[in-house]
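**Q** Each chain, written out:
Number of protein chains: 2
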Amino acid sequence: MEWIKAGKNKKKAVVLLSGGLDSSTTLYLAKSRGWDVHCLIFSYGQRHSREVKSAVSIAKKTRSSYSLVNINLPWCGSSLIDKSKKIPPGKIGRERIPSTYVPGRNTIFLSYAFSFCEAKKIPAIFIGANAVDFSGYPDCRPCYYRAFNRLLEHASVAGVKIVTPLIRKSKRDIVLLGHKLGVPFEMTWSCYRGGDKPCGDCDSCRLRAKGFEDAGLADPLVKTDSE
Amino acid sequence: MEWIKAGKNKKKAVVLLSGGLDSSTTLYLAKSRGWDVHCLIFSYGQRHSREVKSAVSIAKKTRSSYSLVNINLPWCGSSLIDKSKKIPPGKIGRERIPSTYVPGRNTIFLSYAFSFCEAKKIPAIFIGANAVDFSGYPDCRPCYYRAFNRLLEHASVAGVKIVTPLIRKSKRDIVLLGHKLGVPFEMTWSCYRGGDKPCGDCDSCRLRAKGFEDAGLADPLVKTDSE
Chain A
13 MEWIKAGKNK KKAVVLLSGG LDSSTTLYLA KSRGWDVHCL IFSYGQRHSR EVKSAVSIAK
73 KTRSSYSLVN INLPWCGSSL IDKSKKIPPG KIGRERIPST YVPGRNTIFL SYAFSFCEAK
133 KIPAIFIGAN AVDFSGYPDC RPCYYRAFNR LLEHASVAGV KIVTPLIRKS KRDIVLLGHK
193 LGVPFEMTWS CYRGGDKPCG DCDSCRLRAK GFEDAGLADP LVKTDSE
Chain B
13 MEWIKAGKNK KKAVVLLSGG LDSSTTLYLA KSRGWDVHCL IFSYGQRHSR EVKSAVSIAK
73 KTRSSYSLVN INLPWCGSSL IDKSKKIPPG KIGRERIPST YVPGRNTIFL SYAFSFCEAK
133 KIPAIFIGAN AVDFSGYPDC RPCYYRAFNR LLEHASVAGV KIVTPLIRKS KRDIVLLGHK
193 LGVPFEMTWS CYRGGDKPCG DCDSCRLRAK GFEDAGLADP LVKTDSE
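Protein chains in written order, with my numbering: chain A, 13 to 239; chain B, 13 to 239.
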């Protein structure tokens, strides 16, 4: 994990921050390893736009600089964007990719991050992608990130690379790591349905609940809810 | 060039249309091979926004459907976007990448095109990239497109591929091909400086002039200008 260390001279890195559990833990991890972080936060019409507010709050709390990037994907047809569609109930270990898949989303996010880093000569993009407890999206798998880094070898003059420190971690291990690093879990947001409270039923809520349960920790969001 | 044929059942393809010589020729080529084309036209704050108008006119002329995609790259610092900078005079065969390089531009364009195709199950993205008579941008080279297609093998559920029919053609050959296909050269726009008339001095104008000269054809844009 060479790329997890910033070296003696505090190097700049971009962290893709969604405001969820994984990206927030990634942000805290990058900072703990000495990276001088700039967060990129994407607003892409997601119905759980509350995560954007969480991301901004967490960037501010860590005193990281950040940019908000607005993108428009009217063609996507994902239930994560199209409010006329229902978010399906969670089903961990499903065989088909669920309707919450946003075609090309991570590819677009990483392209913007690459453009940003290439322009500013920032060597690393951190993304909290995870391929253990996940919804089966193709752009969360290790082979996808290896291929993207090979693309950047040809695309980048500045030598930008993508770092995926959580890619092989279970949700339990991510919760434990975040806990150790002091991630303010109560400020994060994971629920796809974007209501006032986490629904507890969507893929994202179920994966989060599994992580906290397996870690033997209470999720402050759910705790607050039940008190 | 398997991907240049649409097959008996008219298949859908996306063409990235900038309104310049190469992308317009690519559009006419794809249509001539039987593809049912949808054009993606990007507005990214380029100072030669006139090319967007050209692209829309050419899409309409060929009766192709099209989408205009607005993107914002405030961090880029390219002289192609930042009007406080000067477009450098053209120098074909230069060693350094010129200031007109927009970091990550083609990667972002292709990511949007991939998202569009992935959502709509369109198998092919045509792009008029060219690595013979070009300005040395890294994202115009064959190795970049090979790597992007390898990325798509992992990223795409729908099996989207990128097609670069002009990648190894000289500007002369592109002009001759466009001429044969009936590309309305007078409607295209290449000049980076974005004035009322082509400047004749920037990289893009010089490459275009070389192409027409080597092909033994007159550029209708320049002809109109001198009459």
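Worth flagging that the hints you see were computed from the coordinates, not collected in a lab.
Hints may be right or wrong, so weigh each one.
Label pairs and their calculated CB-CB ranges [claimed, not checked]: (1) Ser77/A with Asp94/B: 40 to 46 angstroms; (2) Ser61/A with Asp48/B: 32 to 38 angstroms; (3) Gly89/A with Gly207/B: 38 to 44 angstroms; (4) Lys95/A with Lys98/B: 42 to 48 angstroms; (5) Gly207/B with Gly171/A: 32 to 38 angstroms; (6) Arg158/A with Ser182/B: 18 to 24 angstroms; (7) Ser182/B with Val68/A: 21 to 27 angstroms; (8) Asn82/A with Lys23/B: 29 to 35 angstroms; (9) Ile109/B with Arg158/A: 43 to 49 angstroms; (10) Lys23/B with Glu198/A: 27 to 33 angstroms; (11) Pro100/A with Pro196/B: 44 to 50 angstroms; (12) Pro232/A with Asn84/B: 21 to 27 angstroms; (13) Asp208/B with Arg108/A: 21 to 27 angstroms.
Per the computed footprint, the stretches of chain A lying under chain B, defined by three or more beta-carbons under 8 angstroms from a beta-carbon of chain B, are [as the list claims (entries may be wrong)]: (14) 24-38; (15) 142-154; (16) 205-212.
Glycine included, every Cβ here is placed at the ideal spot set by N, Cα and C.
**Q** Please go over all the hints and tell whether each is borne out by the structure.
**A** We went through each hint and held it up to the structure:
1. Ser77/A with Asp94/B: 40 to 46 angstroms: 21 angstroms, violated
2. Ser61/A with Asp48/B: 32 to 38 angstroms: 36 angstroms, holds
3. Gly89/A with Gly207/B: 38 to 44 angstroms: 41 angstroms, holds
4. Lys95/A with Lys98/B: 42 to 48 angstroms: Since Lys95/A and Lys98/B have Cβ atoms about 47 angstroms apart, the given range 42 to 48 angstroms holds.
5. Gly207/B with Gly171/A: 32 to 38 angstroms: 36 angstroms, holds
6. Arg158/A with Ser182/B: 18 to 24 angstroms: 35 angstroms, violated
7. Ser182/B with Val68/A: 21 to 27 angstroms: 50 angstroms, violated
8. Asn82/A with Lys23/B: 29 to 35 angstroms: 33 angstroms, holds
9. Ile109/B with Arg158/A: 43 to 49 angstroms: 26 angstroms, violated
10. Lys23/B with Glu198/A: 27 to 33 angstroms: With Cβ atoms ~51 angstroms apart, the hint is violated.
11. Pro100/A with Pro196/B: 44 to 50 angstroms: With Cβ atoms ~48 angstroms apart, the hint holds.
12. Pro232/A with Asn84/B: 21 to 27 angstroms: Violated: the Cβ-Cβ distance is about 36 angstroms, outside 21 to 27 angstroms.
13. Asp208/B with Arg108/A: 21 to 27 angstroms: Roughly 55 angstroms apart at Cβ, these two residues miss the hinted range, so it is violated.
14. 24-38: violated (count 0)
15. 142-154: Since three or more residues must qualify, the claim that chain B covers the stretch 142-154 of chain A holds, with 3 doing so at under 8 angstroms.
16. 205-212: With 0 residues in contact (Cβ-Cβ under 8 angstroms with chain B), the coverage given for the stretch 205-212 of chain A is violated.
When the structure is compared with the earlier hints, violations turn up for hints 1, 6, 7, 9, 10, 12, 13, 14 and 16 and for no others.
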